[in-house]
Each structure stands twice: as structure tokens, then as C-alpha cells.
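*Asks:* Take these sequences, add in the hints, and give me the full structure.
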Amino acid sequence: MSAIVTLYALAISSNQNREHWTRYAMQQLEHLGECRFSRIYQIPCRQGKGADYYNFAALLDTSLDFNQLNNILKQLEQQAGRIRPSHHIALDMDIVAYGAALNALQPVASRLPLPFDAVKPLSELWPNCPPAESTMFYQIVQ
1 MSAIVTLYAL AISSNQNREH WTRYAMQQLE HLGECRFSRI YQIPCRQGKG
51 ADYYNFAALL DTSLDFNQLN NILKQLEQQA GRIRPSHHIA LDMDIVAYGA
101 ALNALQPVAS RLPLPFDAVK PLSELWPNCP PAESTMFYQI VQ
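Numbering (this note's numbering), first residue to last: 1 to 142.
Don't take every hint at face value.
[Stated by the list, open to error] With a cut-off of at most 25 Å between alpha-carbon atoms, the simulated DMTMM-like pairs for lysine to aspartate or glutamate come out as follows:
#: 1; residue 1: K74; residue 2: E30
#: 2; residue 1: K49; residue 2: D92
#: 3; residue 1: K49; residue 2: E30
None of these hints come from the bench; they were simulated from the model.
*Replies:* Shown next as C-alpha cells:
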């Protein structure tokens, strides 16, 4: 019997040592399953109190269930030195949707409405991504 594979849409960001933690996140996710990544966007902090973020999205196919993956993402944040609450964030990794396939992704209700800094990179990978309520200035980094 084969394992059930779930597709997860992830929103990932960093505003401390951004290049390092962005690479780290990508490398760690690649160990969990098949990944596709968006381009990386530099977007200002929503509250204007912290440094600009690198924001990107990932689609991850994995046999991990929602709770297993969420726990791993929170462990990766802790390993990066994440402190809550703070505007200085080495790594923030959130599951924003999941399903059996790209056309069947369902948003995580507690994440709605999705902010622009999540929607902009997610929309590259997920054509049916819910729209953001507002827009912000951004630059494409990679």
C-alpha cells in the first residue's frame, strides 16, 4: 500500500540574514518531498516596524500529514531563532493551503484573508490563490 501524498502551499519569509535563511528553508523543504518554489520577493514589513522581508512560496508534495508538517515547520523556525512576538524574524513558514492536487487546494481558514506578501509569490505557483485585500511595493530578488 502506498502512502497518501498531499500537496501543501507554503508561505515563507525572513527579514534577518535573509539570504541564509531563505536557502536554509529551501534545502530543508527539499528533504521533505518534491518542491517547487516561486521567485523571491523583497517586500516591506506590513507594520513598517521591521526590515524588509524576503518572501517566497513553495508547493510541497509529501506523505506527511498536516500536523506533522506544521510541527516540522515550527521546529525549523525555532532552529532559526524565531522569537514570538517580534518584527525581527529569521524564518516564518506557514501552511496556507493543502489538498490532493493543485486544482483541489483548500485554504487554511485561519490564514484567511491572505496578506499580499503571501499572495504575490503564491500566485506564481497556484493560479487559484485567493486574492489579497491590498497591494504593497515589492521587488523581485530572484
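*Asks:* All hints, please: hold or fail.
*Replies:* How the hints compare with the structure:
1. Pair hint K74 plus E30 holds up; C-alpha atoms about 16 Å apart against a cutoff of 25 Å.
2. Pair hint K49 plus D92 holds up; C-alpha atoms about 16 Å apart against a cutoff of 25 Å.
3. Among the hinted pairs, K49 with E30 is inconsistent with the structure: their alpha-carbon atoms are about 32 Å apart, more than 25 Å.
Checked against the numbered hints given earlier, the structure breaks only hint 3 and satisfies all the rest.
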